[in-house]
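Undergrad: One letter stands for each residue in the lines below.
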Amino acid sequence: MSLQVIENATCTFCGCVCDDIDLHYDDVRIHKADHACVLGTAWFLNHTAEKKYPMALVDGREATLDEAIETAATLLHEADMPLVYGMSNTTCEAQKECAALADQLGGLLDSHTSL
Amino acid sequence: MGGKVTCTLGEVKQRADFIVYWGGNPAECHPRHFTKYTIMQKSKFLPRGRKDRTMVLVDIRETKSAKAADIFLQVRPGKDFELITILRAMIKDQHVSDEQISATGLTRDAIDDLIRRMKAAKFGCFFFGMGLSMTRGKHMNSASLLMLAAEMNAFTKFVAMPMRGHGNVTGADVIMRWQTGYPFGISFNRGYPRYNPGEFSTVDVLVRGDCDAAFIIGADPGATMPQPAIDHLARIPTIVLDPHITHTSRLARVHITTAPQGIAAPGTAYRMDELPMPLKPALKSPYPSDEEVVRRINEAIAKKPFWLPDGRQSPNLWSTQVNQ
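Those protein sequence lines, which keep their order, are chains A and F. Counting with our numbering, you get residues 1 to 115 for the letters of the first sequence. Counting with our numbering, you get residues 1001 to 1324 for the letters of the second sequence.
Bound-form chain A, shown alone (with noise of 0.2 Å):
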């Protein structure tokens, strides 16, 4: 089977963000992620659209998505003081959505700049 290809996809692994990446992909993998560096290679290759683990964990069992997410809106809410965490491996778009959580539960939002 011939693979597909991307050209100039945008590598995320660091800060360079490189944009000149050609990714040779079939359904499940990608196989090839030529001008990455050792770590933009290992980044593509290690990530597959296998369903590797469950949709979601709620205290340890498998639940479904509906659920994980009204569990953690519930939990969420119930905190006084709750911290938003992280956002360095997402996308803006989800970064902006993570504002949004903060500012609407009035709490804590911080990234890993402040490490």
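If you're looking for bench data, these hints aren't it; they were derived computationally from the structure. A portion of the hints provided could be inaccurate.
[Stated by the list, open to error] Have a look at the derived ranges for each label pair, beta carbon to beta carbon:
hint : chain 1 : residue 1 : chain 2 : residue 2 : range
1    : F       : P1276     : A       : D59       : 33 to 41 Å
2    : A       : I6        : F       : M1040     : 42 to 50 Å
3    : A       : K52       : F       : R1117     : 47 to 55 Å
4    : A       : K52       : F       : R1177     : 48 to 56 Å
5    : A       : R29       : F       : P1276     : 45 to 53 Å
6    : A       : V38       : F       : E1299     : 36 to 44 Å
7    : F       : L1308     : A       : S2        : 55 to 63 Å
8    : A       : D22       : F       : S1043     : 18 to 26 Å
9    : F       : T1107     : A       : D22       : 30 to 38 Å
[What the hints assert, rightly or not] Just some of the chain F residues that point at chain A, by a computed CB distance under 10 Å:
hint : residue
10   : T1180
11   : S1201
12   : A1213
13   : T1257
14   : P1260
15   : R1296
16   : L1308
Since the model is a prediction, treat every value here as computed from it, not as a measurement. From the three backbone atoms N, C-alpha and C, an ideal C-beta is built for every residue, glycine too.
Once you've looked at the hints, dock chain F against the given chain A.
TA: Chain F alone, transformed into the frame defined by chain A:
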């Protein structure tokens, strides 16, 4: 102290003939930084590429990056702030004693030579890494280097740029600045954003046990933070969004598996010079994106009563924010 004299990596590639890496190891942490942007590229202004550029490495030990450097300056651990302050004084011909210089681990000759080269450069750039910003002095070290870069502009063009790791951590700064006015360490507990690192920064909050729930996304504090902080995460309800089951997931009440950004989830990521880059995901993940999950959590919380006790309604910044 405040403000950053900076530029894009494109300008560095085209123009920078004097590059200083301070407390960073790009050879191992940002492997393409040398070849794509800093020392190897030829340009209109630097037609001979590497030969037209000078690279200095300042670090506490000789890392692999030292091989690429023209000059390696080994600063004594914890003496970065002192060395930067000495440079700030000596570029202005102020007196610095031999004792003060030797405390940094460098010689007067080495510092004189560095200053001569800095002033002779056409376009200088400091890249500073976590060896500067996360050791003794922390943000004061970064601030003093930014001041040095600004003050060098009395003599020649000089800029400074942090070497950001962790994918889109630059994007987090940019988004928080856009949405709240502050880059990190923010509290909304009065209904409007307030900024105070040390009080609202995560490690401090966790070690003191100030928060009573945690929502962790795109990070694994369970593997990286000091033990008292991890202990507190295990005590309180923690919610984790990650493409993998992480250390933090194991101590969390809720883990939700999400699609990895840029591989199976679309969106935008910021480069370290604050240029936004569109992501081009190749795979279709069985998992939802972070964006979708956080939006759905926001929607679920919006259905519950607002947190202010007097029943005042949410100011709803989050639903009326500008969407450009």
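Undergrad: If a hint holds in the structure, say so; if it doesn't, say that too.
TA: Cross-check of the supplied hints:
no.: 1; hint: F:P1276 x A:D59: 33 to 41 Å; verdict: holds, 38 Å
no.: 2; hint: A:I6 x F:M1040: 42 to 50 Å; verdict: violated, 26 Å
no.: 3; hint: A:K52 x F:R1117: 47 to 55 Å; verdict: holds, 52 Å
no.: 4; hint: A:K52 x F:R1177: 48 to 56 Å; verdict: violated, 36 Å
no.: 5; hint: A:R29 x F:P1276: 45 to 53 Å; verdict: violated, 27 Å
no.: 6; hint: A:V38 x F:E1299: 36 to 44 Å; verdict: holds, 41 Å
no.: 7; hint: F:L1308 x A:S2: 55 to 63 Å; verdict: holds, 59 Å
no.: 8; hint: A:D22 x F:S1043: 18 to 26 Å; verdict: holds, 24 Å
no.: 9; hint: F:T1107 x A:D22: 30 to 38 Å; verdict: violated, 48 Å
no.: 10; hint: T1180; verdict: holds, 6 Å
no.: 11; hint: S1201; verdict: holds, 4 Å
no.: 12; hint: A1213; verdict: holds, 3 Å
no.: 13; hint: T1257; verdict: holds, 5 Å
no.: 14; hint: P1260; verdict: holds, 5 Å
no.: 15; hint: R1296; verdict: holds, 5 Å
no.: 16; hint: L1308; verdict: holds, 8 Å
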